[in-house]
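Q: What follows is each chain in one-letter form.
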Amino acid sequence: MMAMRRAHTISSSVWHALVAAYPLILLAAVWEAAARLGYVRPVFLPPLSTVIAQFVPLARAGDLVEPVLISLYRTAAGLAIAIVIGIVVGFFMARVRFVRWLLDPLIAFSFPSPKVAFLPVFILWFGIDHLSKIVLVAFTCVFPFIVAAYAGATTVPTNQLWAARAMGTGNLGLLWRVILPASLPSLMSGVRVGVPYALVSTFTAEMIAGGGGLGGEMILAQRYFETPTVFVYLLIMLATGYLIDFGVLRLRDYVLRWHEG
Amino acid sequence: MNTVSITLLQQFSQILPFALFLVAWQGVAKSGLIDPTFLPSVGAVASALVDLGANKSFYTELAVTFGRSLGGLALGAAVGIPIGAGMAVSPAINGFFGPLVKATYSLPKTALIPLLILWLGIGSASNMVAVMFSTLLPFVVYTYHGIAGVPQILVWSARAMGVNERRLLWKVLLPASQHAILTGLRIALGFSFVIAIAAEMIAAHTGIGKLMFIYGESGSYDYMFAAVTAIMILAYIADRITVEVSNHLMRWDDIENRLG
Amino acid sequence: MSASKIAVEGVSKQFDQAGNPVQALAKLNLAISEGEFVSIVGPSGCGKSTLLYMLGGFIAADSGRMLVDGRPITGPGVDRGVVFQEYALFPWLTVFDNIAYGLRESRMTERDVRVTAERYIRLIGLTGFENRFSRELSGGMKQRVALARTFAYEPSTLLLDEPFGALDAQTREIMQDELLRLWRTTGKTVIMVTHDVSEAVYLSNRVCVMSQRPGRIVKEYTINLDRSTNREEVVLSEAYTAIRNDVWLAVRQQVILASPDDR
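Residue numbers (the numbering used here), protein chains in the order written: chain A, 1 to 261; chain B, 1 to 260; chain C, 1 to 263.
So here's chain A without its partners, still in its complex pose:
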C-alpha cells in the first residue's frame, strides 16, 4: 500500500516535470520530424538525433571539453578582475567625494556603449589569444560591479558604521570588516547580472577573434558548413549558461544565508 503511494508520488512529480517542459518537448519533436521528413535541408537544420550523435566524434577528437574549459577560464579570469576592480572603484567612489566626482560622468558616459566596440582596440593591444578576451570580459562586466559596490557601500546603516568605530575599527578595517560584508547583497545582485554578461562577452570575443573556446570552435564549424557541430556547440553554450546560473543562485544562497528576505 505504501509502495503504491510512493510510486504514485514519484510518477506525479515526473508528470509535473513533463507538463512544465511540454513546449520544449513539442519543439524537439517538431524539429526531428521536420528535418527527417525533408521539409528543411539538412545543411540548415539537421535532425536533432544527428546533432546528438555528433557529440561523440567531437568528444573523441577532444573538441568538446577543451573549448568549454578555455571559455570558462577566460570568463572566470575576466570576472575576477571585474569584481576586484568594481569593488575597489565602487567603494572609493562611495567614500571619497573627489573620486565620485571624477568617475561618475565617465562611467555614465560609457554605460550605454556597446563594449564590444572596444574589441578591436583590445586585439591591437593584447593579441588574439586569451588576454584580449579576458580584458573584454573585465571591461564589460566592471560596470555592474561598480554600481553594485557603490550602492552597497552607500546604504550601510550609519549606526553599524558608528558601532564599529566605537569598538575601535579604523578606516581600513571599516571597509574590510563592515562595508564589504554589508554590501554583499548588492554585490550578489551584481554577480547575477555580471556573470551572464561575462559569458556572452567571452563567446562573442571568441567568435570575432577566433583563438579557440566555444565561440571560436562554433564559428569555425560555421565556416566549414558543419551544421550539426554548430548545433552541438549551441547546446553546450545553453547548458553552460544554465549550469552557471544555477551555480550562481546556490552561491548566493550560501553567501547571503544571514540576510533577511
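Since the hints were derived computationally from the structure, they do not count as laboratory data. Accuracy of the hints is not assured; some may be wrong.
Unchecked claim - Which stretches of chain A does chain B cover? Using the computed rule of at least three CB atoms under 8 Å from a CB of chain B, they are: (1) 97-110; (2) 201-215; (3) 218-228; (4) 231-238.
Claimed, not checked - Here's a subset of chain C near chain A, in silico, CB distances under 7 Å, partners left out: (5) 76; (6) 84; (7) 88; (8) 92; (9) 105.
Bear in mind that the values here come from a model prediction, so they are computed numbers and not experimental data. The beta-carbon is built from N, C-alpha and C at its ideal position, and this holds for glycine as well.
The hints should help you fit chains B and C onto chain A, whose structure is shown.
A: Positioned in the frame of chain A, the structure of chains B and C alone reads:
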C-alpha cells in the same frame, strides 16, 4: 551667485573629468611609455574623427549598422511585447512560453549568430534577426512584469466600469505598465547595438563593426580609435533620447519613476 | 569634589534641515562623575540623542568643550561604548561573532575572546544561540546581544540611546533589570537617553531634564532609591512615585513651553 552661473558651473564640473581623462591619455601617449602605434595621441584621433565626420561613406556605414539594430529592435518589440502581455493575462500562454523563456534565459544570444549566418547568409537579414532574438527577452520579461504588476485595484475598478477585456488591455494594462516596458526598451536598445556590431565584426561586408576591423587590419589605428569614439558618442545620445522621450511619455507619473 | 569623568561645557550644535538652520543644543553644560548612572530625559526632538552622539564622538560640537577624563573628545573610542536604539548588530555575523567583535578589535588572544564571549552569552541567557544570525532573533534577544557586545570589551563609559524603545513592556522591564544588574556588578559610568521617565527614575541615580530645542539641561534630580530590593517594592514605593511625578512634570513643562509650530 545667480542661478545661471551655478548651472554653468555645474555643467563645467561635469565636463572637467572628461578633460582630465583626455589630458591623462595625451600624457601617456606622449610619454613614450607605449608604442605610439598602440595608442595614438588625442590629436591624431581627433583629426581622424573630424575626417570621418566629413566623410559621407562613414555615415553610410553608421546608417547600415543603426538600421540593423533599430530594425531588429522593432522586430523584437513587435514579437516580444505581445508575448509578454499574453503571458501576463493568459495562464495557457504563460504555460507555453514560460518554460521557453526559462530555457533560453541562460543562452547567450550571440550564440545564434553563426547559425543565422548559416541560414541567412552574411548581411542585414542575419544581423537583424540576431538583434531581434537578443531583444526578445527584455521585451517579454519587462512587459510581463509590467502588466502582471498592475495593481489589482485598477483592474477591478475598470471591470466594474464595464470595460471589456480588449479595451482593458489597451486602455488600462499597457499604460499602467508603460514604465516597465520603456525600461525594457532602454535595455533592449543597448543590446541591439551590441549584437548588431558584434555580428558585423564576426562576419559582414558592411557596417561600422566591419569598418573598424578594416581600419584595424590596415593599420589605420587612429581611425579605428576615432570610430570607437564615434560609436560611444552615438550610443550615449541614443540612450539619452530614449530616456527623454520615455520621461515625456510618462510625465503623468511620479517623479521617482523617471528613467535614469 | 572629584574631577568629572565626563564634562560638557557650553556646547552648542546647529544642524541644517532642508536649508533651514536648526539649533539643536545651546550652551549645554553637564558634568558626570565616574560610576554614575545618569539618564537624560526631555521632550521629543530636544536634542538628547544628538548630545549622546556627540559624547560618542560621532558628531562634533560647533562650540564649547567636551572632555572625557580631562581630555577632549575627538572621535569615537573604545572608552565609550554605545548601544543604539535599533541595536546596530552586524547581520552577517552570528551572535557569537557580534559579541566577539569588540574583543577581537582589542587584540585579545582568540582563546580569551572565546572565553569572554561565551561568558557574556551565558550572562545574557542566550546559550545555544551562539551560531544564530540576528535575523533569527526576537527584539529582546537582539537587545541583549547589543548590550553584551558593548559590555564585553569593558569600555569605562556606556552610552545608551533609548536602548529599550523598540521592545514590548514586559521585555523592557526584564531588560531594565538586566541592565541594572550589569551596572551594579561592573561599576561603569552609564549615560542613558530615554523618553520614558519611569524608566529613567527606576534605573538611574541622577536624572537630567533637557529643555525643548535648543537643548540645555534645566533640571537635575538625584535619586537615592534602594535598588537592592526587588522591582515590585521599588516601583510601588512612595519615594519612587514622588520622584517620578516630579520628573514627569518637569518634562511636561518643557513640552508645553514649546511653541505650537514646533509641535
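Q: Would you mind marking each hint as holding or not holding in the structure?
A: Each hint tested on the structure:
Residues of the segment 97-110 of chain A lying with their CB closer than 8 Å to a CB of chain B number 8, which satisfies the three-residue condition for coverage. With 5 residues having a Cβ less than 8 Å from any Cβ of chain B, the segment 201-215 of chain A passes the three-residue criterion, so the hint holds. Coverage of the segment 218-228 of chain A by chain B holds in this model, with 6 residues showing a Cβ closer than 8 Å to a Cβ of that chain against a need of three. Using a Cβ-Cβ cut-off of 8 Å, 5 residues of the segment 231-238 of chain A lie near chain B, which meets the minimum of three, so the contact claim holds.
For residue 76 of chain C, the shortest C-beta to C-beta distance to chain A is roughly 4 Å, which falls under 7 Å, so the interface hint holds. Hint on residue 84 of chain C holds. Least Cβ distance to chain A is approximately 5 Å, under the 7 Å limit. The restraint placing residue 88 of chain C at the interface with chain A holds, with a minimum CB-CB distance near 4 Å, inside the 7 Å limit. For residue 92 of chain C, the suggested interface contact is upheld, since its CB lies about 4 Å from the closest CB of chain A, less than 7 Å.
A cut of 7 Å between beta carbons decides the hint on residue 105 of chain C: the least distance to chain A is about 4 Å, and the hint holds.
In this structure, every one of the numbered hints holds.
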